[in-house]
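Dock chain one against chain two, each of which comes alone in its own frame, and use the hints as you go.
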Amino acid sequence: MKEFQPKIVVFCCNWCSYAGADLAGVSRLQIDPNFRIIRTMCSGRIEPEFVLSAFEKGADGVMITGCHPGDCHYISGNYKTLRRYHFMKVLLEELGIDTRRIGLKFISAGEGIEFQNTVNSFVEQVRILGPSNGAYKE
Amino acid sequence: MKRVESELITNVEELLEDKKIGFFMGYENGSLPLRTSPCFVKEKEDVQRLVWNCFCTNNLSVYLVSLIPELPAGTKVGILCKGCDSRSLVNLIVEKQLKREDVLIMGISCSGMINIDKLTGNLDGGRILEVEENEEEVILKLDTGEQRFSRKDSLYESCKNCTHPTPSVYDILIRVGEHAPKSVCPDPMIAKFRQKERLERWQIFERELSRCVRCYACRNACPNCYCKECFAEQTKPRWFGLSNELSDVLFYHLVRILHQAGRCVDCGACVRACPEKVDLRLFTRMLVDEVKERFDYEPGLSPNDSHLLGVFSTDDTQEFMVEVD
Ligand code: SF4
Ligand code: SF4
Ligand code: SF4
Ligand code: FES
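As you go down the protein sequences, you meet chains S and V in turn.
Counting with the working numbering, you get residues 1 to 138 for the letters of the first sequence.
Counting with the working numbering, you get residues 1 to 325 for the letters of the second sequence.
This is chain V alone, in the form it adopts within the complex (with noise of 0.2 Å):
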């Protein structure tokens, strides 16, 4: 990961010495052990700060469209973008929200991003003084002694089943050790939802949800979610009621997997936001796969790309007609 680290930097003392950008967006250490946080860099002597390793969780494209407007015309913007990252910046593309020449996409082939809860949910207690990681294991060394995880049983979900570890677009590629595309469709465990009872499949949608709290980490997290008036704000009208109820969460939670519908990269930026670790991927993995499955599309692969949604094909199936006897 140093040697990771190390490119990461040059590269970025490079790019902001030729001026080739106005700042750059990649991850710092955070304040307590294994969280990073984002880290914007302006001037060559924070290059230092730049970080790279397991913990670099966030989506980083989630900044681009509300920042760039607010900097001077024609700067442009570094930013470091992991498979799923640069992905999620596409589609910001497609959808017309941002221009790709206003961005150097540095992509780095990802390994796979690590779940802290794994980790810390299985220490026999001590405190964590310092972290190092190799292609197969994440080791905490504590002040009780060393303990060992091995990386792939400790992978996000959403990592897990990553189809696009390595930049779909990028202008500098980083390498790391990266780990093998799965492309399985559907996910395994949509696969498993899908056999379950109608009323089973209803009654686990209402039990997640039942915990949320209603903070919206989940949308502010998702770079598809830029809407300047999200549909959960509005007054006029009013779609759904405030109050914590169930019918109110539900209200918002439908909706916004439906405006996820052919967007959606499966970042899993949404589910780490969450406080209350609510599984939202189950809900918009199934319309990934759908948009898989049924039209042959993923989302932020090429700017090139139509919206699936804004387009259409004259052989778009009818089978959802009403019938009329």
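Excised from the complex, chain S in its bound form (with noise of 0.2 Å):
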């Protein structure tokens, strides 16, 4: 049987994650292809309405990636994000969600290596979870 390939949404903030990302990739570092990335100026701009559609589009698990608290270009957006975001997974969880597909992680610009790392250990987790069926529920 062909192993599952879980479809990730990594969201990345424009002056971080992404260029973490941008030097993942100029590094030839190795990641598995199942994350399709979407820029945001910030991680602050992610709304809930943002993760919770990629899991109705069919994402089977969705990662949300910022600068490192104190680093933000906006300041304080990732603390916004970072409340916002314990919200969400408090309430899905209380909901019986299994909330293993949703992650969050700061990366900096220099963390090639961990961009790979993160992505890489999130793509496994989701795998083992197996497919999200398009809906919130396990």
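Calculated directly from the structure, the hints in this document are not laboratory data.
For clarity, every value in this text was computed on a predicted model and none was experimentally measured.
The C-beta atom is built at its ideal place from N, Cα and C for all residues, glycine as well.
Keeping only pairs whose Cα atoms sit at most 27 Å apart, straight-line, the calculated DSS-like set for lysine-lysine is: (1) V:Lys192 - S:Lys89; (2) S:Lys89 - V:Lys196; (3) V:Lys76 - V:Lys228.
Covered, in the sense of this in silico footprint (three residues per stretch, anywhere, with C-beta under 8 Å from a C-beta of chain V), are these stretches of chain S: (4) 41–52; (5) 72–80; (6) 90–104; (7) 111–123.
Given below as structure tokens:
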């Protein structure tokens, strides 16, 4: 049987994590080809709609990435993401959804290897969880 | 209640006379028994229409954001606020949708609102002629006789678990026999829900919301939902389909609930507005408790608060990060 290939949406902020992804690319680091990047100016732009919408359209996992605390180009966008994301995790978890399909990670422009490792681990995690069937449910 | 009503009417009359307010928002009797509807009083002659009883359920703060810009500049609006309504109002100030000086808050220390269904669901038939209430009971006078209901047992769930019956901010306060605040956190209903199995929790969520007909009354009744363009109606992009499919319905609700994080005051207006009696409070209250437990914050207590999701602390937890192995 062919191995399940999850589709992962990775949100990257323009200033750090996208540059981190870029660095991983130009350094020719080996990353599972299961992810698609959507670039936003800041991780603070990512609303719950974005994440739920990705799942509804068939993503098996969604990862939000941004600058490290204190490094956000807009000063505190990532802290706000952190709180918003916290509530999303708590709500979905309490409603009985397996929230291991949603991830958050701060990655700087210099952390190409971190980007590689994070995506690879996340893909592996979602691969084990199996397809999400386009719904929010497990 | 008659004392409260006459105090209210005298106050409003004076305020209108002294031109301290341009008009006043309160309640009047509805066209059906046990119902009230919002009442906007401009002229002194109309003041007598105002009522106060245990059916004044609407959260009047919902009108403020759209109303105030329509008024001639400098008009002050008088508004009758129960504990929860005042918190909604304060939250609007915190979110910079309203200026404190635009409103005159007539606070009323609330003794809880009665769930009409709990009365009418237990009637032995007969037409309601008159209603009386005292501190312990609600008495319905029917053409077939009299029926008494315990007040405590007939309250709305949100009122049973009310944490702040007295308005957090007010200019004038009318005292009613207020019930003692219960700051139980988590709410007993939430504590029970948390104990259930994962699958069962999800099934409850699905089952409750499968009744939803997407009328958006829950949004329209909520003072926090003042967005000029709600995500539910955005078309570029359109976030979810317009059907009654469960997945579309769930999308709307998950996002609405998340938009309430750190803002919901648990007033129950959304639940009361729902024609299908979906227990929306079960889900919004989860986040209310999380906000309290994790951030020790209750929205709407002071106009000087900062919006929970608009600020940050360097101590914010990062426990949900993706782990790299
Ligand atoms: S559901 Fe969200 S977008 Fe819609 S009105 Fe309420 S807060 Fe605004
Ligand atoms: S979501 Fe419901 S309970 Fe919460 S503030 Fe809005 S109307 Fe009140
Ligand atoms: S008020 Fe009730 S039926 Fe209407 S959209 Fe809200 S939950 Fe659905
Ligand atoms: S710019 Fe990177 S998180 Fe704000």
